[in-house]
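Undergrad: Given next are the chains, with one letter for each unit.
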Amino acid sequence: MHPVISVSRLSKTYASGHVALKAIDLEIRRGEIFALLGPNGAGKTTLISIICGLVNPTEGSVRADGHDIVRDYRAARAKIGLVPQELTADAFETVWATVSFSRGLFGRGPNPAYIEKILRDLSLWDKRDSKLMTLSGGMKRRVLIAKALSHEPQILFLDEPTAGVDVELRRDMWNVVRALRDSGVTIILTTHYLEEAEEMADRIGVISRGELILVEEKTALMRRLGKKVLTVQLPAALARLPDSLANYQLALSEDGTELVYSYDAAIEDSGITALLQDLAREGIAFKDLHTEQSSLEDIFVSLVKDNR
Amino acid sequence: MNFHAIRAIYVFEMARAGRTLLQSVVSPVLSTSLYFVVFGSAIGSRMADIDGVSYGAFIVPGLIMLTLLMQSISNASFAIYFPRFTGTIYEVLSAPVSFVEILTGYVGAAATKSVILGLIILATAAVFVPLQINHPIWMLGFLVLTAVTFSLFGFIIGIWADGFEKLQLVPLLIVTPLTFLGGSFYSIDMLPPLWRTVTLFNPVVYLISGFRWSFYGVSDVSIGVSLTMTLAFLALCLITVWWIFRTGYRLKS
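Sequences listed follow chains A and B, in order. If you read the first sequence in UniProt numbering, its first letter stands for residue 1, the second for the next number, and so on. If you read the second sequence in UniProt numbering, its first letter stands for residue 1, the second for the next number, and so on.
Among the hints, a few may not be true.
Part of the chain A face toward chain B, derived, beta carbon under 10 Å [what the hints assert, rightly or not]:
(1) Leu82
(2) Arg103
(3) Gly107
Don't read these hints as lab results, they were simulated from the structure. Beta carbons are placed, not taken as given, at the ideal position from N, Cα and C, and that holds for glycine.
Looking at chain B on its own, in the form it has when it is part of the complex (with noise of 0.2 Å):
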């Protein structure tokens, strides 16, 4: 194992997004931020609770998600693509690394930044609506297992993409939607059975519900099949970088 070449990775990852700290934390911050005035005071005030919850309190933790499956993808496609379409990504790709290490790196400081800005927006929740958290532990088990995954995704993503609108259209055109529509604002017994029968195809579904059982100890599906859906994932896109790896597809010719 090359410790050396994933701390390189590591670090020099972490000194890029202290580069660009305006960008990666403070619009994130604030765009969540807006949310909660929007739906957790303004409009939150006149909803009714959701299984005991406060609305405002009920969307908190898939805002947190919202941002986290964002920026987890969009650090680390952003991480890999940017060395490919430079040019630099020779200097990875002739080095003494197995995939291992060189994912570790990146994958490891993408996973790094959006738990970070995972908690930083949990921070700011709490100056809009009172928290409570069950299960601390769980809760940033949760968060970091999340964060691995999607940052696994983007990683993918990052190799896949041939320009950068192509970087940008899964995250704007699947990642989005999928959100908004897994449960961040509302739970999925409010929905008819048909569409709650096909909302449970949507893997966000799964991290949402576990997410915000973590929290209130109320869930859409049970925990155990949250984490095990989100586990799978991981695996998917771990098989995925694999195969990349492997075979050299959109690295090596």
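Just chain A, same shape as in the assembly (with noise of 0.2 Å):
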């Protein structure tokens, strides 16, 4: 299948002379919701202004579905929903009527009906006739959402859509989100918050310095990187390790009571069964054990000091 879009060598120096984006290659797949991971200052939301337009690149090209972003941009902007990171509104306008404006400036005509069903699946239609300037933060995130989405677009892209939200919003855009992505539309993300997109996403890319260092499956990254933790609780405490169980590397706690052994969960010899068999030849016996998965946050947090 075609890629719904396709960065091909983009790159961006802005006028000050930093260089925000280095030759990026790119390409998304149709109905899958793809996670933009970064730092602040690592070029996401420049290359997201890019493909929507509000950026000029300075080399490279852009298509979406199909559609040069420059050449062709009205048809591919057609496509395209944008939310935006920062939470600007017209502060006197009405919801109906903002949402309203968007259709009409994206090239679709009134629909009522559609921009009705957006309202009620976004949990805004009780405040249809609110001026913006009266909403929480939250509903005006959600009052973005229905401007991106006013003109059906295929491609929506979420800058940083749950900063700032609280626990219980970001779970509801979250569903959302999937929601949208079930309905056919592919969503591109980006986000610091790396529990968002272990939660979310298809696919991982990450950038650093303008750099994509990686893209991936989300659950192939996770196996491929993902270290395992195994910890054994004791249930007395040990003064030391035996010398014999020098090769494991282990780490005793503090108190002596908690043995903790790291192993790469994509090995087919993780060295468990050893290592419990000789625990046993020591006579350590056990009261516990549980075993952790590394979070995405510690694939991220080694990826990018890796690439300073």
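With the hints in hand, could you dock these two chains into one complex?
TA: Pasting the structure below:
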């Protein structure tokens, strides 16, 4: 299947001389949720802004659903909806008016039934006659999503959709995004909440200092880079580790009641069997044990650190 | 052509004017009425006729032009500056619209508002002085042409300005003096020859002169020259706007 967005050799150098993107290549698959991760200033917003037409590229090209975003900008932009990072809204407009305005701006004729559906889906229907300045931050974010969806786009960009949003609302937002994906919309979101990418994304791209340092299926990424940790709880405190267990590079907790073993979950022989046998041979009993998957956060931190 | 977009922007802008009706209509009407009371009735009654037109009636076209210029510029500059200021401009920039549609929407709405205002002031003037309009079609033509041209000029200012101060600067420091010195209150024939020549470099002279001709059939410069100069300024503004959208000046980095 053709990618819904293909970015090739895209570079951006701002007038100030700041290099925001260095020859990015990226393909987004139709119907996926793609999370673009990266620290602040990595180039996430610049990439999105170029695709949406807010920033001029220095070099390279982007095609959205087959349309070049510069030469064929009308067709390309009609397919795209953008929810910006900043909560910018016309304070004096009503929810209904501002969403209808967006639809018209993107070249669609009025369709009150469709606008009503979006507002209901986003729990904004009760607020349709409220002025935007009277809404809370979370509600404003929903209005921006409604505006972005008003022209029935196939591709939706969410720039930090849950920044500054409380936990409950964040879960709500995730449900909204999933429902959108189920309706066939391709979603590209940027975030620096790893939890968010881990929870939502099908694929993850990591961007750091203007370079895409990794693009991978989330599950494969977690599997490939995922370290696991085995914690063994002991019934009695251990003063020191027996020399025979030195190979395992175990860590002993301060009070001596926990042994921590890190291993690579992707490798066939994780060494757990041998470790447990060796523990038994040393006469060390154990009360309980549990394993833990390292989070995307750990993966991310190590990736970005390597890139420095 | 994205007609839905033009309509959306136009309706949005007109609705904004509706919300600020008091400020947009009452204040210009009030200040113009004051001009009529002071210059038209009080001082005007002691002034000689100019080219066979009573002084009170003579200043009507100039006063309408004064309001038309100020309002066109402030309407259009604010219309585009405010979204830039608040950030909502992102939506217009990411929409499938060309600068032609953006301009038609914003400038069309700004010009509509100032033409309506001009007509209201004309009606107000009729209360104070007997009016005579020899060429009503030309009068309307000049009204619309000037409103469009200066709304375009305002649009450019709204894009150039990077603060509210600059937004006020051009209307206050350039347009007001040019209008006052452009023959709103006198015929440039009344000036010494040197100053008359200097005045001919003031573009507003041509606007007021042409507009006054449509009322009373008398003018400082020929109607053809007035029309040409106005169209030339319109073309200059259009080229500037075209360049702005081509390069993304102050809109895109």
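Undergrad: Against chain B, with CB atoms and a cut of 10 Å, does the hint on Arg103/A hold up?
TA: With Cβ-Cβ at 8 Å, under 10 Å, it holds.
Undergrad: Let me know if the C-beta of Gly107/A comes in closer than 10 Å to any C-beta of chain B, holds or violated.
TA: holds, 4 Å
Undergrad: With 10 Å as the cut and Cβ atoms as the points, is Leu82/A at the interface with chain B?
TA: Holds: closest Cβ of chain B sits about 5 Å from Leu82/A, inside 10 Å.
The structure meets every hint from the earlier list without exception.
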